Amino acid sequence: MSGDDAKPGKPIIMTKLMQWLLGASVLFAIWGSFVTKQVEIPILDKWSNLVLFFPVIAIILFGLYAAMVVLWRVYNFNDCEEAAKELLEQIKEARKDLINKGMIFKEVTEEASGK
Amino acid sequence: MGDKRSSDAAEVSDDKYSILLPTYNESENLPIIVWLIIKYLTESGYQFEIIIIDDGSPDGTLDVAKQLQKIYGEEKIVLRPRPKKLGLGTAYVHGMKSATGNFIVIMDADLSHHPKFIPQFITKQKEGNYDVVSGTRYIGDGGVYGWDFKRKLVSRGANFLTQLLLRPGASDLTGSFRLYRKHVLEKLVQSCVSKGYVFQMEMIIRARQFGYTIGEVPITFVDRVYGESKLGGSEIFQFVKALLYLFATT
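Residue numbers (the numbering used here), protein chains in the order written: chain A, 1 to 115; chain B, 1001 to 1250.
Read the hints as simulated data drawn from the structure, not as lab findings. Keep in mind the model is a prediction, meaning the values are calculated, not measured. Even for Gly, the Cβ is constructed at its ideal location relative to N, Cα and C. Worth double-checking, as some hints may not be accurate.
Quick look at which bits of chain B chain A covers, simulated, 3 or more residues with Cβ under 8 angstroms [as the list claims (entries may be wrong)]: (1) 1029-1038; (2) 1118-1127; (3) 1143-1154; (4) 1212-1224.
Straight-line distance between alpha carbons at most 27 angstroms, and here's what the computed BS3-like set of lysine-lysine pairs gives [to be verified]: (5) A:K96 with B:K1076; (6) B:K1070 with A:K101; (7) A:K85 with B:K1016; (8) A:K106 with B:K1084; (9) B:K1116 with A:K106; (10) A:K96 with B:K1085; (11) A:K92 with B:K1066; (12) B:K1116 with B:K1066; (13) B:K1016 with B:K1126; (14) A:K106 with B:K1150; (15) B:K1066 with B:K1076; (16) B:K1085 with B:K1182; (17) A:K96 with A:K106; (18) B:K1195 with A:K92; (19) B:K1195 with B:K1152; (20) B:K1039 with B:K1182; (21) A:K106 with B:K1085; (22) A:K16 with B:K1187; (23) A:K106 with B:K1070; (24) B:K1152 with A:K85; (25) B:K1124 with A:K85.
Given the sequences, and given the hints that come with them, work out the whole structure.
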């Protein structure tokens, strides 16, 4: 029964802000416990500088990752030359067909009203 | 196999698609977009209507629309003009009041969205029984025409940031070429508070929030009026504001 209480049928709705704050506090707590030596892991002593600056390092690495992803996507952003060409041809075709169907385009109306 | 596909299209004739075209000073583009919609949807065999919501354009867009109505008939072309510019969300509500279709397609009337994709949206919707199908410039064969490096960088950067913060489950948030179930669009318009182009972003985020399913179709976005399309400080400010608002509330 206690298991049921822990996992209610309805998921808890958290805003994205709350999710980020929760994630950040968990990471911060883990990092803090290493830095303040609340938790001692012998291997980490050798890398104490790295552990101390871990948040800054992580942010810089993520920034580099983000910049690379964005630039890669800009580079791979398709230029739709074909689509533009197709559209220009279809504009001509449409105008011709519509004039045949009795459509009066603006330029013509302006000339007519000018007379 | 070609025969089978066309008979499938005929079988699903219960569905009807109402295409909403909000216009402001589109007298040049409107005939072309209507012609293209009619061409591609007639070929595909689906039932459809085009609802033109003109917001009192001074360039005579409404007169052009009336001519089109004469050519194609009142069944196909429905005119629902409004006296002045009143915003996109209310244009959708206004247009939907007259819509007889059970699906709504929204698109820009400036020819940046090509109607050839509408039948693809419909096929996609049927494939996954989706509530929303969104056109996307960012995946597959999707793309843009007429954008320089800076414009692409801003677009991709903004998209990356949004994906990171909101995880919306859709790749193109600010695009406005989409197909919705009618009742879904009604509900979404009611619950969205943003104005301008960030309205489209809020719509798709809310769709995800309400648990609606979203399918995606790659589209080409042909920006022919690049010089005129604005991407100034105020647009970026609006975007950041909307992003933070959605980040804190959804």
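*Any hints this thing doesn't respect? Which numbers, in order?*
Violated: hints 2, 7, 10, 14, 18.
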